[in-house]
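Enquirer: Chains as they are written, first to last, in full-length UniProt numbering: chain Y, 1 to 538; chain R, 1 to 692.
Mixed in with the good hints there might be a few duds.
[Claimed, not checked] Computed Cβ-Cβ distance ranges for the label pairs, DEER-style: (1) Y:L240 with R:D110: 40 to 48 Å; (2) R:E576 with Y:I147: 28 to 36 Å; (3) R:E300 with Y:P86: 51 to 59 Å; (4) Y:L240 with R:D220: 41 to 49 Å; (5) Y:L165 with R:R80: 56 to 64 Å; (6) R:K127 with Y:L240: 57 to 65 Å; (7) Y:D163 with R:S569: 53 to 61 Å; (8) R:D110 with Y:G465: 26 to 34 Å; (9) R:R564 with Y:I147: 44 to 52 Å; (10) Y:L394 with R:T184: 36 to 44 Å; (11) Y:N249 with R:S154: 35 to 43 Å.
Simulated from the structure, these hints should not be mistaken for laboratory data.
We put the beta carbon where it would ideally sit given N, CA and C, even for glycine.
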Amino acid sequence: MSQLDEIRMQVMWNRLISVVEEQAMTLLRTAFSTSVREAGDLSAGVYNAKGEMLAQAVTGTPGHVNTMAEAVLHFIEEIPRDEMYPGDTYVTNDPWKGTGHLHDITMVSPSFKGEELIGFFACTAHVVDVGGRGFGADGKSVYEEGIQIPIMKFAERGEVNKDLLRILRLNVREPNQVIGDFFSLAACNDVGHRRLVEMLDEIGLPNLDTLGAFILSRTHTAIMERIAGLPKGAWNNELLTDGYDQPINLAAEVTIGEKSVDVDFTGTDAMSRWGINVPLIYTKAYACYALKCVVAPDIPNNAASLAVFNVSSPVNILNAERPAPVSVRHVIGHMVPDLVLGALAKALPGKILAEGAAALWNIHISARPAAGAKGRRAEVLMFNSGGMGARPGLDGLSATAFPSGVHTMPIEATEHTGPIVVWRKELRPDSAGAGEYRGGLGQVIEIAPADGHEFDFSAMFDRIGTPAAGRDGGESGKPGKAMLDDGTLLRPKGWQHVPSGRKLVLHLPGGGGFGDPKKRSEAAKAEDVRKGYVTETK
Amino acid sequence: MTIGNDIRLGADIGGTFTDIALDVRGALYSTKVLTNYSAPEQAILDGIDVVIRDAGIEISQIDLIIHGTTLATNALIERRGARTALVTTEGFRDVIEMRTENRFEQYDLDLVLPKPLIPREDRFPVKGRISAQGTELQPLDEQTLEEIAKRIASEDFGAVAIGFIHSYMNPEHERRARDILARTLDLPISISSEVSPQMREFERFNTVCANAYVRPQMADYLNRLQVRLKEMGSNCPVFMIHSGGGLVSVETAAEFPVRLVESGPAGGAIFAADVARRFDLDRVVSYDMGGTTAKICLIEDFQPQTARSFEVARTYRFCKGSGMPISIPVIEMIEIGAGGGSIAWVDAMGRIQAGPESAASEPGPACYQRGGERPAITDADLVLGKLDPDNFAGGKLRLSTEKASAAIARYVGDRLKLEPLSAAFGIVEVVDENMANAARVHAVENGKNISENTMIAFGGAAPLHAARLCEKLGVDRCLIPQGAGVGSAIGFLKAPFGYEAVGSQIMSLSVFNTSRLNTLLDDLKQTAEGFVRAGTAGEISREIVAFMRYRGQGWEIPVSLPDRHFEASDRAMIEENFKARYAQFFGRAVEGPEIEFVTFSVKAQDVRPGGERHALIATDDAIEPTVKRAVFDPATGAALETAIVERSTIKVGQRVIGPAVIVERETSTIVTSPFDAIVQTDGTILLIRKGL
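The shape of chain Y in the complex, shown without the other chains:
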């Protein structure tokens, strides 16, 4: 390659990343779903004609980012090349071929330059509703969890499949918003496609082959250098989570070889009867995320960087088979990084952060007027985070999502969505695990139905039974707690009721500490007391 070609390729790689950022931005601006627009629960990427991911928007959350990388291959497998036309858009919400549960809609659009298929654009977003029991862990099989859309055409040559829209309209609770999101997803792929063609025309390339090969070979070389620098061997870890009605043990073995890092989940408990099971594609997404944070945080996500991570598991809760219920697969899925990082901590002692709250504390609220009262009905979704584990050299981040990449929503916006009042949302003192570096604090949330209303809510909580463990002598964080304001304890998962006049009270778990608490500096201890992070005297 000539010197100028090298530079042109570098510049076009940058441009390709900008193209997918535009794609993601379009989705963010047009989406109806709260979780997309307020919380950034989405992903967008570009692929070559073989379905290898070349670039991905930085915007997005790991659960979508890494699952979508594989999803496109399923589309290529199921839709024959001679049935692909310019203007097509394909869709699915198949948990095993998309991103792990029915609420995520994945759309893939072929990108044609003239007659030639040069690549694909894909995007994913979590929609408000997919029918069935709603977003929650109570389903006994995926059939109860909502409408299943097999890999199919959403649009052919620009013509939208009206039958699909009619079926959707009758099967979901918020048809306008859901259908609006389908159009947003398709539109964002269109934006990507148009920009790609403009870019290829500008540089005079017929397709993505040269640029794609450049991107993948450069990435491959870079990530191989990183793996060469890691200690070789195999390390194990186990972790206990709350489960639905009984604790569930997760187990992992991480093997660092010459050319790859392999994770196997043998020893993990069997599938649950409830909707907390995780399809392997989602397990893999979070396992890769944890590995990448440690091994190659600065190397972009693409087919070459993901190819060095191999994830395997016998059938169990982290490799659930159809027709297992999987609606809230994220709760156990979010535990996977702590599980994998625990094994890595043995390979890289002193370098890995402590466990944290891990799973988001999502609440889906279904509010309605109390019997005999007037008022309004509404569905409200909130994302909330506990404390992150302490890092070697730094305290954990308080009330901050990790490993998930989503945001919380402003409570002023939430209260406009439905008849609820959030009476408290603030840091939870004394919830952080002590250590030379302390864990992040959890938070306390109190929510009441508005006057004359009541609500049911779907609990998707964890770390109530077993707290986030500290590392290297650091103490555990405080476990979480879900209850009513009269002291009635609530379950960590499943739909439950909050009557008119009562409040739902949530104590989100804190992160574990790092290092011996006795080594914590006097200044840091004094600051913890002054700020009221720590009030209990020991």
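Starting from the known structure of chain Y, arrange chain R on it as the hints suggest.
Expert: Below, chain R without anything else, positioned relative to chain Y:
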């Protein structure tokens, strides 16, 4: 009669320099003096001395002084404000600390979030709750407030902020709390429903905290400035430029100093807007590239694009989310870490990267020969032949091509097996590409197509990169005005007396409660005009905008409304306008979902006669260059024989055929091979694509 149209003085306090521009009935005098951090007003007074001497006038002859400053921004970045108490709704003590509960960089496990402006021990919760609809759910606990007042009085606080949940719907509790605290406290008190009456508690609380935090310092400074000016013999009014690009009185500025944040860059955008008006260009993108950053702003119909919130003091590589949100009307600009001093480096994939780290002015790029080791953009520009080493900054600084070349080889070329010339090309291409990408994405976010704009380029480094940027963006025309070095201060002279008042009111279009709507708009009109009346008795123009969305969406789009009272029958017209705007942004309108209002804005400004206008001149009168040297041309990828032309020797209307370099005292303008350059009647250089 509008005051101060005769002799106006603009003063812009920036991080390094304080720029002064004096306009005496159309004749312009300007100077730069070093910013004086301990007494910022001193630099202004020194600068005034210089320009009035040049102009041969007395200070008492100045009719109007217009001032913009980064002091408020710097106080926020450097955390040098007053110790401030935040009084807030019980249960929400940590809103400004918990932020969005998000990590703005997903893969960095050692991420550090910015510290809240007000530490937890200085945040005081009090009972009292307003609902989303604006009704009282729980009365304000006045007794606790009295205790809080005593507590604040007993410690060394310098300011108080009050931020209550849903106060933008109903400000009663905030006002009452202020009254109660004021009985005990002799401190400035800022309330969120006045500083920033917009929904979203994190942004609003942070904004009122920022306002309170910089208020004592800014009030002091403005007071000192006025006293000193009087002592010098000035008796004219002083107006402050605000972040929205208009002027406010010093009194307003002292009460709402957060509105001064980012006022310097706003001056640059007004400068560009004025150039756009003179040449009658209705779609413009301004491009300002200095030593550490590049700023890009869209200007439509001579008005810079505005937004209702922005982020200052980013702590992590200019990364979105790593700063603090300020929700006030602002001229919307994107800023990226790409300036002449930005350092080039090579990442793990062997990719050339540029910035955001900057060599700044000390030690500066390697070619300055002041100890800078690593290659900066300026080094690459020099190696490519775009700068004349003997004629940089008017010959004040001799540049070393050798040092630049060595730095590029050592940190970039050798690692990638590239010749220094190729490596330099790579560095400049990457930085130009980054700017082009940022501009393109910014345009998309605003539903615009960047290639339909004319570019207006200013700032020291912009003329070196503008032509290539235009190539990448498909832009056909670019103007490089004179006086670009003190663009912001000149922009101040053109700023209107203007104020934008904003208020949130969530209402479905199907409800369309006209009396509520009319009352809110009347209030906003009164507020906005009140501020403008402080500066003018003349005609005032108003612009009414509703920020609307489909119910369920989180992003609102601006929809212009007629300036009058609304009746029920107006609903269809508004719906139609919304759908048309929506289609303009996102391709097509959506059928089905409800449409709702979220926020309203009223912008008022004085009407003033425009300056002289010029049509763009594009002739074929090509000049014969006498000097030529080899300069690297990016489009052809080769070093081409390039004409070197002195700006002062080109006559109005003459065409310089690209590739060419137009040199002048402050900087050089690069005309790449796809472009020619034509000098306009006012001395502005027009870069125009060949064949146009």
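Enquirer: Look at each hint and say if it fits the structure.
Expert: Here is how each hint holds up against the structure:
1. Against the hinted window of 40 to 48 Å, the Cβ-Cβ separation of L240 (chain Y) and D110 (chain R) comes to about 27 Å, which falls outside the hint.
2. A C-beta distance of roughly 34 Å is found between E576 (chain R) and I147 (chain Y), which places it inside the suggested range of 28 to 36 Å.
3. Separation of E300 (chain R) from P86 (chain Y) is about 33 Å and departs from the stated range, judged on CB atoms against 51 to 59 Å.
4. Taken as a hint, the range 41 to 49 Å is violated for the pair L240 (chain Y) and D220 (chain R), whose Cβ atoms sit roughly 59 Å apart.
5. For the pair L165 (chain Y) and R80 (chain R), the supplied restraint of 56 to 64 Å holds, since their beta-carbon distance comes to about 58 Å.
6. With their beta carbons about 40 Å apart, K127 (chain R) and L240 (chain Y) fall outside the hinted range of 57 to 65 Å.
7. Take D163 (chain Y) and S569 (chain R): their Cβ atoms lie about 39 Å apart, and the range 53 to 61 Å is violated.
8. Here the CB-CB span from D110 (chain R) to G465 (chain Y) is close to 30 Å, well matched to the stated 26 to 34 Å.
9. Against the hinted window of 44 to 52 Å, the Cβ-Cβ separation of R564 (chain R) and I147 (chain Y) comes to about 48 Å, which satisfies the hint.
10. L394 (chain Y) and T184 (chain R) have their C-beta atoms about 40 Å apart, which keeps the hinted 36 to 44 Å range intact.
11. The given range of 35 to 43 Å is broken by N249 (chain Y) and S154 (chain R), whose C-beta atoms sit roughly 55 Å from each other.
Comparing the model with each numbered hint stated earlier shows that hints 1, 3, 4, 6, 7 and 11 do not hold.
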